[in-house]
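2 protein chains.
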Amino acid sequence: MPNYKLIYFNMRARGEVARLLFTLAQVEFQDIRIEYPSEEWIKLKPTTPLGQLPVLEVDGQRLVQSKAIFKYLAREFVYGKSNWECAEIDGIMDTCEDFHTPITPILRSEGSEKAKLLQTYQEETLPQILNGLESLVPDGHNYFVGEKLTVADLSAYCDIELASIIAEIPINELLHKYPKLSAIRSHVESNDRIASWVKTRPKTYV
Amino acid sequence: MPNYKLIYFNMRARGEVARLLFTLAQVEFQDIRIEYPSEEWIKLKPTTPLGQLPVLEVDGQRLVQSKAIFKYLAREFVYGKSNWECAEIDGIMDTCEDFHTPITPILRSEGSEKAKLLQTYQEETLPQILNGLESLVPDGHNYFVGEKLTVADLSAYCDIELASIIAEIPINELLHKYPKLSAIRSHVESNDRIASWVKTRPKTYV
Chain A
1 MPNYKLIYFN MRARGEVARL LFTLAQVEFQ DIRIEYPSEE WIKLKPTTPL
51 GQLPVLEVDG QRLVQSKAIF KYLAREFVYG KSNWECAEID GIMDTCEDFH
101 TPITPILRSE GSEKAKLLQT YQEETLPQIL NGLESLVPDG HNYFVGEKLT
151 VADLSAYCDI ELASIIAEIP INELLHKYPK LSAIRSHVES NDRIASWVKT
201 RPKTYV
Chain B
1 MPNYKLIYFN MRARGEVARL LFTLAQVEFQ DIRIEYPSEE WIKLKPTTPL
51 GQLPVLEVDG QRLVQSKAIF KYLAREFVYG KSNWECAEID GIMDTCEDFH
101 TPITPILRSE GSEKAKLLQT YQEETLPQIL NGLESLVPDG HNYFVGEKLT
151 VADLSAYCDI ELASIIAEIP INELLHKYPK LSAIRSHVES NDRIASWVKT
201 RPKTYV
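Same order as they appear, the protein sequences are chains A and B.
Start counting the first sequence at 1; every next residue gets the next number (this note's numbering).
Start counting the second sequence at 1; every next residue gets the next number (this note's numbering).
Here chain A stands alone, though its shape is the one from the complex:
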């Protein structure tokens, strides 16, 4: 097994899907957590390929971009059974990306500007993405793609949680009109390995 080193901030945000994939696959990895902001990050930043985290090191070779890392690990451990299933997974992960895009502007703004951006996020962005994701779950299925947990379910699980924190809407309330997404959430949480990870991981805001 290669030596895996995941370097990310001390948060879930754009790193947790990788940690869940290692956990599901029962593969050891170094979970390196950098405080943000910190002197350590200021020193580390120029040494990373894009000035960004996460970076995944595999036997010393580096990969960039969170979703590229998630898909790499998913392909190593478990992905779709066919090119078509992989593309369905990619479509779901790219839809989940829309949860992230408005977050930085919200966090960087203040006062009435922040309130306005937050309201748009709560009332327009989230329903649009959640409706889209709900429609991508096949009727009568427990997962987005195929008959088992994939990186698509893990991505939606992590990103919906992040969105609920940013939007200041409890997850149950956020998902109450989305029975299929609620069911996927329960399936992810009831996986023994995931449940144990969630219970013991460092507590962080996002």
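None of these hints come from the bench; they were simulated from the model.
Misleading hints may appear alongside valid ones.
Which copy? The list can't say, so a pair holds if one copy fits it or any two copies do.
[Unchecked claim] Listed next, the in silico EDC-like pairs over lysine to aspartate or glutamate satisfying Cα-Cα at most 20 angstroms (straight line):
(1) 45 - 28
(2) 45 - 57
(3) 45 - 35
(4) 45 - 98
(5) 81 - 59
(6) 177 - 123
(7) 45 - 134
(8) 43 - 57
(9) 203 - 85
(10) 45 - 189
(11) 180 - 161
(12) 45 - 124
(13) 5 - 123
(14) 180 - 76
We have chain A; now place chain B onto it with these hints.
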């Protein structure tokens, strides 16, 4: 060969990489172009899975999200030679995505707000992405990944062109500090099939 139908607006923007992949692979496809805005799009929108285009139909089954579509086609025709190469390609495509994120706010704003957003795009966003992409081209190589044209090169080719149009900076000027990216651009353009497609495709703004 399956029946491929690419449904997208009458623009290059988020559809052209798929068209270039079909062109490179010499695979027939229906290049369905919807005018935007139009009555036709208003009618079509609620019938699409996410209310968005592009949609790729393969023998009547539908895939969503531009990058998921590009990667699906790339996997059908040509992708990386290994999981590692695929992840390098994904990392480059996700970095190219950063060209797109600020565009909608720029197009939707007006007056001094638009000028401010455009200035940030020109002076901060573009140099940051271009520096990142340049650093991801291995020294002495003609392509981002491996020894031949991949969907990573096509994505960078299309997205850099889009960025230059939005930023109102000619491509040569935009790339003059980035010799590796300029070289990749030349390699893409000098491919016979791509050159012929570019010459004969419908002329659109983006």
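The hints, checked one at a time:
| no. | hint | verdict |
| --- | --- | --- |
| 1 | 45 - 28 | neither (25 angstroms within a copy, 45 angstroms between copies) |
| 2 | 45 - 57 | within (15 angstroms within a copy, 42 angstroms between copies) |
| 3 | 45 - 35 | within (12 angstroms within a copy, 44 angstroms between copies) |
| 4 | 45 - 98 | between (25 angstroms within a copy, 18 angstroms between copies) |
| 5 | 81 - 59 | between (27 angstroms within a copy, 19 angstroms between copies) |
| 6 | 177 - 123 | within (14 angstroms within a copy, 43 angstroms between copies) |
| 7 | 45 - 134 | between (38 angstroms within a copy, 17 angstroms between copies) |
| 8 | 43 - 57 | within (18 angstroms within a copy, 48 angstroms between copies) |
| 9 | 203 - 85 | neither (34 angstroms within a copy, 34 angstroms between copies) |
| 10 | 45 - 189 | neither (34 angstroms within a copy, 34 angstroms between copies) |
| 11 | 180 - 161 | within (16 angstroms within a copy, 40 angstroms between copies) |
| 12 | 45 - 124 | between (34 angstroms within a copy, 17 angstroms between copies) |
| 13 | 5 - 123 | neither (39 angstroms within a copy, 34 angstroms between copies) |
| 14 | 180 - 76 | neither (28 angstroms within a copy, 31 angstroms between copies) |
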